[in-house]
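2 protein chains.
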Amino acid sequence: MSDRIANAMLRGKVMSAEEAAQFIDNGDKVGMSGFTGAAYPKALPTAIANRAKEAQAKGDSYKIDVFTGASTAPDCDGVMAEAGAINYRMPYQSDPTMRNAINAGEIKYQDIHLSHSGQQVEYGFFGPNLDVAIVEVTRITEDGHLIPSSGVGNNVDFLDSAKKIIIEVNEWQSLELEGMADIYRIQHLPNRTPVPIINSGDRIGKTFIDIDLSKVVAIVETNTPDRNAPFKPVDETSQKIAGHFISFLEGEVAGGRLTYDNYIMQSGVGNVPNAVMAGLLDSKFEKIEAYTEVIQDGMVDLIDAGKMTVASATSFSLSPEYAEKMNQEAKRYRESIILRPQQVSNHPEVIRRVGLISSNGMIEADIYGNINSTHVAGSRIMNGIGGSGDFTRNARVSTFISPSDAKGGDISAIVPFASHIDHTEHDAMVIITEYGVADLRGLAPRDRVAKTIAVAHPDYRPLLEEYVERANKGRFLQTPHDLSTAFSFHERFLANGSMKQA
Amino acid sequence: MSDRIANAMLRGKVMSAEEAAQFIDNGDKVGMSGFTGAAYPKALPTAIANRAKEAQAKGDSYKIDVFTGASTAPDCDGVMAEAGAINYRMPYQSDPTMRNAINAGEIKYQDIHLSHSGQQVEYGFFGPNLDVAIVEVTRITEDGHLIPSSGVGNNVDFLDSAKKIIIEVNEWQSLELEGMADIYRIQHLPNRTPVPIINSGDRIGKTFIDIDLSKVVAIVETNTPDRNAPFKPVDETSQKIAGHFISFLEGEVAGGRLTYDNYIMQSGVGNVPNAVMAGLLDSKFEKIEAYTEVIQDGMVDLIDAGKMTVASATSFSLSPEYAEKMNQEAKRYRESIILRPQQVSNHPEVIRRVGLISSNGMIEADIYGNINSTHVAGSRIMNGIGGSGDFTRNARVSTFISPSDAKGGDISAIVPFASHIDHTEHDAMVIITEYGVADLRGLAPRDRVAKTIAVAHPDYRPLLEEYVERANKGRFLQTPHDLSTAFSFHERFLANGSMKQA
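So the protein lines, in turn, are chains D and F. Here the first sequence is numbered in full-length UniProt numbering, starting from 1 and rising by one per residue. Here the second sequence is numbered in full-length UniProt numbering, starting from 1 and rising by one per residue.
Just chain D, with the same shape it has in the complex (with noise of 0.2 Å):
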């Protein structure tokens, strides 16, 4: 037995995964850690989805309600998914089974603010308790307490919600994350008080959680690494909207809103904030912190550039090579990285207070800033929400960025009236592609127009031009439509496979 377990009341509950699996019902409310592919089970989603086809096989019902920190992995949401084992799943997804699932209507998906979802457990609105939590961790001390491994998420909530605890040790995660975690708890209603950060980098508590440890019934072993997917190579639309990036900051240094050492970065995940962080490297700013959801390769090579002096998050997402880095040299890292439960890491308070820049991908814009996150053509879900209204609404500014169209040309990432709206004109205030950057700030809806048409791909500026154009024939102008064409480009793209003109 390993001795990263060295609570003795504890190590009386080692068992396998499929002896722990038998503590989880059919029906049941289950929170699991895991967040963007770092930090999940590895050994009980798989030993659920067993039990799931047992039952079938019986001609039994087993499905459970998944609750996580966000995304998880193949292994993870992907093996539950394929067994038919989930009913229900909140706030995040990305995993393609599970998403295709979900799709077509198997699975009940509801994409909640990744900072209300912990907060949604404690308030009942899935009743009193969750059943079980199912939370992976790198080690427990002598006490019993908790050492969160590459990620935290919403784990203090769903421990201190469920009736059953089950704990995987994970052998390897590196010893040396002990310390990069600061565990705050938010306090409950109706006794909350001010979440005590000023700074991005400020440490406000302890570095383990504390867990009712009368209701853990099982611990399983795992040496599992997480899902780490490697990172594209920087191709050239990702280094132009990169390059438009930096030069909107540069614009807001030059505008007086901004100093060279005072970015704070919130950043989504993906190839083109990669770039951008690779672009940081070689600019003007000093001193850059993240206060963000996701530690990213892009963080790292800054904090070893020196241009970054601190980055918070909630969780990593590296690639297989930068996650190896991690664990030969997280001691040098928890300097510098801090990872916080995702009520903290999200929190609209602290969001507003540090004054962040807050950048995330898209699916679409319409001409007036309305932004679609979440679904194709209405209908679809891709991933989710995730943090991106966290840090949207709550930004200094909130940006989108985004190649300008996708599929080979036949989505436009502009159109008439977004399909589906997760961030609403009121929240919006820069978007960027390839083509450079709409400031929509301090505009009405109409003279948003010819700045998001600017950054469209000129193939869809004449269509989204006649849209223009037919809807400025209405009666009603402050944000003019032509609600019988509003729909044409997802239309098109649903009957002929592209927006653009048959």
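Just so you know, these hints were derived from the structure itself, not from any lab. Possibly wrong hints are sitting among the right ones.
Each pair may be met inside one copy or between any two copies, as identical chains are not told apart.
[What the hints assert, rightly or not] No farther apart than 30 Å at their CA atoms in a straight line, the calculated lysine-lysine pairs in the BS3-like style are these:
| hint | residue 1 | residue 2 |
| --- | --- | --- |
| 1 | Lys473 | Lys500 |
| 2 | Lys215 | Lys53 |
| 3 | Lys473 | Lys407 |
| 4 | Lys58 | Lys451 |
Because the structure is a prediction, the values reported are computed rather than measured.
Starting from the known structure of chain D, arrange chain F on it as the hints suggest.
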């Protein structure tokens, strides 16, 4: 000269509104006091309108950009809009003349979250400074401190930002309002600290606004009432909605999510909220607190009845009768009423901390719970989002309350796809009409549909069900839509004047 101007230097600046208006140049950005018909300048707007008319008569241009707290009144927004004196307007309005000018494309209107509006001025989105601030007060102290009148709004931000200050001293406002305001300056970036409000009733600031006296160019004396629109008597529909709302609160208590002495209210303005407050008078709820935007008649009644212990807001929105009472008895009411800057009354940080239940009106909700608060048929702005986004996003529970139809049945409040989205499916939790409560918490989009249709007007339920049937034939079932008929209700309304089938 009024003894309400105790500062000797400022007494030397007293002049007529016409003289003061000479300080306001064509193209100026002008920040005015005023929030929901209270505390707006009473004399300068007419003087500005007259300047515009004179300029037009000479063939000259004279238009200004107008920033306020929220809506004002016919003798402020109305006269300026009528004179063509306004180029750009933010963050909220409700004046019929101004609304028509906006929808005719004559005024540029940007609809901004009320908690963001002052902050965006600070951030420099409109340039480094406003040109002029025009602020109504009840009195100026010997030290030159301003005692707010019947509202605070964005006054602090505007007075801090503007290069020139014009003060209107309104004798109509009670001197005993002094002590009601709690003026706390949100620190400017990068030096922000927590807003230290723990309970709705906490006073954290001063009773006056201190300003840079050297910026004051004019003092104008007035003696004019606020615009205080009488409320209509509570009708049957409002009463039914109020009954459902209070049943919903009772259900929260039964579900262990609320106690009878722990209801913190936020409430939009209008007949339905007034009916709710009347209903609360006879309910089991005690020690009610309001952490909201405006003080309404119903709150005064709740205070008088000993049911409400404290009401925190930024302004009054009272009927003439209640405004009179407030002026008479301000000394008594200031024990339980606090008026804060709107950055504080509407601050996401405080809203989330106190755990209030928000309650706002709407124009329409769609079957999945996206809310349109602002636009008729996607293009015609009514008023604006106001603070509904600040409260909805950060509430413990967010509710929207509305009659199920409007315009004698020609408009349905439940539609297939909201024609403008101000609050997304991630934010709206509960929708209440005279037909009941649609509690969408914890539900995937498809499971919300039966709930929203159940609170639609019966005349529209078959049409909504037909839409859902069509939508469910699509390929993707997370959020099924038939985009070609998603706006069919609105298209019928625009074509035939009714959302009903021809």
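- Hints not upheld, ascending by number: 4
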